[in-house]
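Just so you know, the sequences run in chain order A and B.
Numbering of the first sequence is given in my numbering, commencing with residue 1 and proceeding in unit increments.
Numbering of the second sequence is given in my numbering, commencing with residue 1001 and proceeding in unit increments.
Check before you lean on any hint, since a few could be wrong.
Label-pair distances were calculated between CB atoms; the ranges are [stated by the list, open to error]:
| id | chain 1 | residue 1 | chain 2 | residue 2 | range |
| --- | --- | --- | --- | --- | --- |
| 1 | A | S132 | B | V1253 | 20 to 30 angstroms |
| 2 | B | A1250 | A | R129 | 44 to 54 angstroms |
| 3 | A | D18 | B | L1076 | 52 to 62 angstroms |
| 4 | B | W1094 | A | L108 | 35 to 45 angstroms |
| 5 | B | L1076 | A | E163 | 28 to 38 angstroms |
| 6 | A | E125 | B | W1171 | 19 to 29 angstroms |
| 7 | A | L108 | B | L1076 | 31 to 41 angstroms |
| 8 | A | D224 | B | R1256 | 16 to 26 angstroms |
| 9 | B | V1104 | A | D18 | 37 to 47 angstroms |
| 10 | A | R129 | B | L1100 | 28 to 38 angstroms |
Chain B regions said to be covered by chain A (calculated; three or more residues, Cβ under 8 angstroms) [claimed, not checked]:
| id | stretch |
| --- | --- |
| 11 | 1147-1156 |
| 12 | 1160-1166 |
| 13 | 1169-1180 |
Hints are computed from structural coordinates only; laboratory data are not their basis.
Backbone N, C-alpha and C define an ideal beta-carbon position, used for all residues, glycine too.
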Amino acid sequence: MTAIRCSEIRKVYPRGVDALGPVSLTIGEGEFVSLLGPSGCGKSTLLRIIAGLERPSAGEIVIGMRTRPSSGCIGFVFQEPTLMPWASVRDNVRLPLRLTHDMSAASLARVDDLLARVGLAEFAEAYPRELSGGMKMRVSLARALVTDPDILLLDEPFAALDEITRFRLNNDLLALWRDLGKTVVFVTHSVFESVFLSQRVVVLTARPGRISSEHRIDAPEPRDESFRTSAPYAAYCREVSAALGRASMAADGMAAG
Amino acid sequence: MMDSPNRSPQKMLRILMPLVVFVVVAGIWEAVVRLREIPPYILPAPSLILETLVRDWALLFASLLATLRATLEGFLAAVVGGIGLALLFNRAKWIEDAFLPYAVILQVTPVIAIAPLLLVYLPQHLAVVACAWIVAFFPVLSNTLLGLKSVDRNLAGLFALYDASSAQKLWRLRLPSALPYIMGGLRIAGGLSLIGAVVAEIAAGSAGSGSGLAFRIAEAGYRLDIPRMFAALALLSAAGIVIYAGLSAASRVVLRRWHESALEGE
């Protein structure tokens, strides 16, 4: 089954800046795909278009069977934790349920279940400013999952975190993906992160972002620390790294010519 | 977050130091007046001011209540009007473009010059309240506007993602985001509404049963009753301090758990 289908998506900003595309990309149900590219290549724009936060200038997007996602079927994690500072952790996670008027007992139970899953059960009553950067990101992750969406979109969520925290959150994200079976699209500019996490890495060129190459990462599940230090992991990283280099070079060449 | 052991003494010091300054200055003042034998109609000693305050308490307290009532009414009108107008301006840019210049004009025209005109058109009490409102509503308006405009872009995106209604966006996103700014506006407006009320009272000048403290000052001035002028002035200052402290405390309570401004000594 196809979860997301992008056909010939383009984004041109009003001042004539050609930001993205055309990009055609099909993502299967339950797949974990990373969008990897140099900064400014429009990978975040593509993610926001999939989420419905921005409209494409041209092209078509189909989520499941529909051209416009219904509210609650997509979870989004922003670059920053983007929490409401005036609300407790629990209220922050509960927000999507409130906004979609889904206050059923089953949904409310999911709030505490997710807080437990991301290891923040005892911080439910804390306020965001009392949390570390990594903990805030976990709250943001729990919030994105609280409506039990089919699709989870993450926009460089761990870029601002230190490496130890990032590794731990990578492991946790993979565990969540395995347990919950969501379709995940993960935007990053880190080769190592994309290879560790995804089943498929899509490399984009610099602006305007186009798909340069795709790499299937075949590794035994579950991936863990031993995968991170294995020879196949290093080989994949080298391959994707070279592809990213070519994608950036191609764009530079175009700019020079 | 929790009380750290070395914070209490620091807090004590912050309250104690101004008090020490007050006592020292009052002491020097008292000494100078006594040693130089300055007559009370030139400069009354603090002890005499206190004595006058106690002697004229009934009169002065009634006047204080009158002034405070006008201040409070003007302040409430400023809060309702300022926040209401800001919400209206925030709904449509053209409304803001059309009306904000007039709000600015009202703000930059000295209220002491508007007061006589208001007193021509309005009954005295209403004119005093209107003056308090005029000077106090602008900081509420401009701060609330600023607050409504400083909503986190990503949070707004999140609300859009879940198809939030405009009411949800207002109550769950825009007003809470604006709250620290609104509280800042209220803190300024509280003191300003007292100033507005006092200015109007002085401009009114006529005696009446409901005459406020400013009128007592003017009246005592005509009679060269300098100690009473000082006593009334002291009451006005005290009222201003209480208003400011009250609004600061309210702001701290409202923002206690989440806003940087309400954090203490971290």
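Verification of the hints:
no.: 1; hint: A:S132 / B:V1253: 20 to 30 angstroms; in the structure: holds, 27 angstroms
no.: 2; hint: B:A1250 / A:R129: 44 to 54 angstroms; in the structure: violated, 20 angstroms
no.: 3; hint: A:D18 / B:L1076: 52 to 62 angstroms; in the structure: holds, 54 angstroms
no.: 4; hint: B:W1094 / A:L108: 35 to 45 angstroms; in the structure: holds, 42 angstroms
no.: 5; hint: B:L1076 / A:E163: 28 to 38 angstroms; in the structure: violated, 54 angstroms
no.: 6; hint: A:E125 / B:W1171: 19 to 29 angstroms; in the structure: holds, 22 angstroms
no.: 7; hint: A:L108 / B:L1076: 31 to 41 angstroms; in the structure: holds, 38 angstroms
no.: 8; hint: A:D224 / B:R1256: 16 to 26 angstroms; in the structure: violated, 43 angstroms
no.: 9; hint: B:V1104 / A:D18: 37 to 47 angstroms; in the structure: holds, 42 angstroms
no.: 10; hint: A:R129 / B:L1100: 28 to 38 angstroms; in the structure: holds, 33 angstroms
no.: 11; hint: 1147-1156; in the structure: holds (count 3)
no.: 12; hint: 1160-1166; in the structure: holds (count 5)
no.: 13; hint: 1169-1180; in the structure: holds (count 4)
Consistency with the previously given hints fails for numbers 2, 5 and 8, ordered from lowest to highest.
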